[in-house]
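Peer 1: What follows is the residue order along each chain.
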Amino acid sequence: MESIRYISKRILQVIPLLIIVSMISFFIIRLSPIDPLAELRLNPSISEETLQKEIQRLNLDKPIIVQYLSWGKSFLKGDLGYTSAGEKVSVKLKERIPNTLLLTVIVIFLTWSVGIPLGIFAAIKKETAFDRLLTILSSIGMAIPSFFFAILLLIFAVKTGWFPVGGLTSYNYNEMSFWGKIVDLAKHLVLPVTVLFAISLSGLQRQMRANMLEVLDSDYIKFARAKGLSEFKVIFKHALRNAINPMITLLGFEFAGLLSGAALTEYVFQYPGLGRLILEAVMKSDINLVMASLMMGTIMLVLGNLIADILLMLTDPRTKGKSDKSGGAV
Amino acid sequence: MEILRKILQDKFARTAFIVLAVLYLIILFADFISPYSSAYSNRNLSYAPPSKIYTINEKGKLSFPYTYNYIREYDENLMQTVYKQDRTKKHFVKLFVKGEKHKILGIIPTSRHLFGVNYGGELHLLGTDINGRDVFSRLLFGGRISMTVGFLALLIVFPIGLLYGGISGYLGGIIDTLMMRFAEAVMAIPSFYLLIILAAILPSGMTSVQRFALIVVILALIGWAGFARVVRGMVLSIKQEDFIQAERVMGASKLRIILKHILPQTTSYVIIAMTLSVPSYILAESGLSFLGLGIQQPDASWGNMLKEAQEFTNILYRPWLLTPGGLIFIAVLSFNLLGDTIRDILDPKSQKRI
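Protein sequences, first through last, are from chains A and B. Okay, so the first sequence: first residue is 2 according to the working numbering, each after it adds one. Okay, so the second sequence: first residue is 885 according to the working numbering, each after it adds one.
There may be inaccurate statements among the hints.
Straight-line alpha carbon distances no greater than 27 Å define the calculated DSS-like cross-link-like pairs of lysine-lysine that follow [as the list claims (entries may be wrong)]:
id: 1; chain 1: A; residue 1: K285; chain 2: B; residue 2: K895
id: 2; chain 1: B; residue 1: K985; chain 2: A; residue 2: K160
id: 3; chain 1: A; residue 1: K89; chain 2: A; residue 2: K74
id: 4; chain 1: A; residue 1: K63; chain 2: A; residue 2: K78
id: 5; chain 1: B; residue 1: K936; chain 2: A; residue 2: K160
id: 6; chain 1: B; residue 1: K1123; chain 2: B; residue 2: K1138
id: 7; chain 1: A; residue 1: K78; chain 2: A; residue 2: K54
id: 8; chain 1: A; residue 1: K74; chain 2: A; residue 2: K95
id: 9; chain 1: B; residue 1: K974; chain 2: B; residue 2: K985
id: 10; chain 1: B; residue 1: K974; chain 2: A; residue 2: K127
id: 11; chain 1: B; residue 1: K945; chain 2: B; residue 2: K987
id: 12; chain 1: B; residue 1: K890; chain 2: A; residue 2: K127
id: 13; chain 1: A; residue 1: K223; chain 2: A; residue 2: K238
id: 14; chain 1: A; residue 1: K78; chain 2: A; residue 2: K285
id: 15; chain 1: B; residue 1: K968; chain 2: A; residue 2: K160
id: 16; chain 1: B; residue 1: K890; chain 2: B; residue 2: K936
id: 17; chain 1: A; residue 1: K78; chain 2: A; residue 2: K89
id: 18; chain 1: A; residue 1: K182; chain 2: A; residue 2: K95
id: 19; chain 1: B; residue 1: K978; chain 2: B; residue 2: K968
id: 20; chain 1: A; residue 1: K126; chain 2: A; residue 2: K10
id: 21; chain 1: B; residue 1: K890; chain 2: A; residue 2: K126
id: 22; chain 1: A; residue 1: K234; chain 2: A; residue 2: K126
id: 23; chain 1: B; residue 1: K973; chain 2: B; residue 2: K987
id: 24; chain 1: B; residue 1: K895; chain 2: A; residue 2: K126
From chain A, some residues computed to sit far from chain B (all C-beta separations above 12 Å) [said to hold, decoys possible]:
id: 25; residue: Q68
id: 26; residue: S140
id: 27; residue: L230
FYI, nobody ran anything at the bench for these hints, they're computed from the structure. Since the structure is predicted, the reported quantities are computational estimates derived from the model, not experimental observations. Where is the CB? At the ideal position from N, CA and C, for every residue including glycine.
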């Protein structure tokens, strides 16, 4: 019961958060000197009727509060308006969000399955050559700008011709067999995944190592060792469980970092994801699209944090019942 | 100065400190060190490769370093322009050579440059870009923007974050809840998305100084919330301490307690946070300028110089255009190493060298 109450409370907290975010983004965009319908007006394939419908839908002739409320109402109904090219925003988002999720989920899965063991080993073998090497590699990984790394990989891909450059599928994707499609997707994913993987792996590995070191230094580990437990048991049964909990909180942050980091990577590799969509929308000052993708990005991020919180509650009994008022020193 | 001494004891931190000091010295004296100004452009030499410098002459004897000019030719077979060396005239590389007029540190007028070739020669250590501008010189001038943007943004982030977090944590109650909900909302927006949107709504037609200032403000708008939250957490625990209670009993005003007694307690955290967050601003600026939303041409920044690397032909055949990326990497790496060490020194409890 306790956990259900906690979860429902967390979910309820998300709602005011999303409302504030939508207000912030709405006012930022509306305060800009850009005419939200400029492109639509210039597009000859958009009829006067559609234009009038947009003006009415956005209430552009009314005060900004009314505009916001009506925007919120249609957003809840799932009506996100039209892009400046005349497509439905919702269709465009449906096309792009799964691609970004695919990329992010693969990267998170890979970083966790590689970064956690690496972090543990680095902590156990503290200050050996192995640990030093990892320290150097992760310092490099954290200092290289994602887009620059992406460009370097692009050079590599073009020179060797091993990987297709750009996009998510080949031009003849639709004619391929099921397995052919998977291989094709995988080949296109290798480069963007490598960039994001390398960059988030560095941070995760360092964090895991730090947590592990802190736990290994604690009294109960000393006690476990004094009790005569085997080193294997001490590390995997006692230390690991405690060291991994803070990582789960990090999962939410990582998701956020990936969403942001992915935008530049998607841009360089011409990957059809949400990040590139918002970039293109921003460059074309396509207001509907910007607003909608900003909200979608935020919702994904908030959901990521929510999932991390719930996971943490399931693994760490101490968080149960503690009222989460985002309080306490971080 | 205790901190400085400890930094110099650590091998990695010492190297990072020296690298950064050299970088900052170079960009400070960029006008003097670079052979050309950032605006200098030779339209006949777009995408010229780096000048080759010879120290052994054609007779096999040791000689003062010299270089040859490039001449642009159209190769009929390759169907493209190629650069050939003009072997008819040697141009010796000299120190303190006369060039464009400039002012060292903005005060001392001179036309001498640290090194270069005499009039008529062309010396491009790292080649030229599409407009025939000297990449090496622009790297130095670009460094001025890229390496300072982080510190300037911090000048805005810190007062806002400290005050916001301080007030929120000290007052508590409904004000605290409201202020923290707002900060969390700002943090919930994917930061890079917010960054590009804010940059994109900047009106066009600003002077480069105005644009630079606004980019700094935008970077600060992204960073303050997380910082304010941590400050609040610290204030919550500090305000329980006895000396704060005593102040309150003596009737000090709330603002006075926050400013004079609570916030100074957060100093070591502030220093750590400062060194640790400079690199993220450098990266953010470079990303923004790379996309064309940050610092605009003709001004140079490392990010907008890399914009040319968006073209395939450039990255494959003109690798010298990628050098700004290397410098961003070196700067960020050095700041990270330095930040780690400072954290260890100021906060020995956490041995996290993340």
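Peer 1: A cut-off of 12 Å on Cβ-Cβ distance, and S140 of chain A was said to be off the interface with chain B. Does that hold?
Peer 2: violated (6 Å)
Peer 1: Given the hint that K89 of chain A pairs with K74 of chain A, test it: the Cα-Cα distance must not exceed 27 Å.
Peer 2: holds (17 Å)
Peer 1: Is the straight-line distance between the alpha-carbon of K126 of chain A and that of K10 of chain A 27 Å or less?
Peer 2: violated (42 Å)
Peer 1: Measure nothing beyond the straight line between the CA atoms of K890 of chain B and K936 of chain B; if it is 27 Å or shorter, mark the hint as holding.
Peer 2: violated (42 Å)
Peer 1: Under the criterion that the straight-line Cα-Cα distance not exceed 27 Å, is the pair K974 of chain B, K985 of chain B satisfied?
Peer 2: Given that 27 Å is the threshold and the Cα spacing comes to 24 Å, the pair holds.
Peer 1: Going straight from one Cα to the other, do K63 of chain A and K78 of chain A come out at no more than 27 Å?
Peer 2: Status holds; Cα separation ~21 Å.
Peer 1: So if I understand the rule, the pair passes when the alpha-carbon distance is 27 Å or less; does K234 of chain A with K126 of chain A pass?
Peer 2: holds (16 Å)
Peer 1: Given the hinted pair K890 of chain B and K127 of chain A, is their alpha-carbon gap at most 27 Å?
Peer 2: holds (22 Å)
Peer 1: Quick one, are K895 of chain B and K126 of chain A close enough, alpha carbons at most 27 Å?
Peer 2: At roughly 21 Å apart (the allowed maximum being 27 Å), K126 of chain A and K895 of chain B satisfy the hint.
Peer 1: Hinted pair, alpha-carbon criterion (27 Å max): K890 of chain B, K126 of chain A. Please report holds or violated.
Peer 2: holds (26 Å)
Peer 1: Are the Cα positions of K945 of chain B and K987 of chain B separated by 27 Å at most?
Peer 2: violated (38 Å)
Peer 1: Given the hint that K936 of chain B pairs with K160 of chain A, does the C-alpha gap stay at or below 27 Å?
Peer 2: Answer holds: K936 of chain B to K160 of chain A is near 25 Å, not above 27 Å.
In this structure, the hints that do not hold are numbers 1, 2, 10, 11, 16, 20, 23, 26, in rising order.
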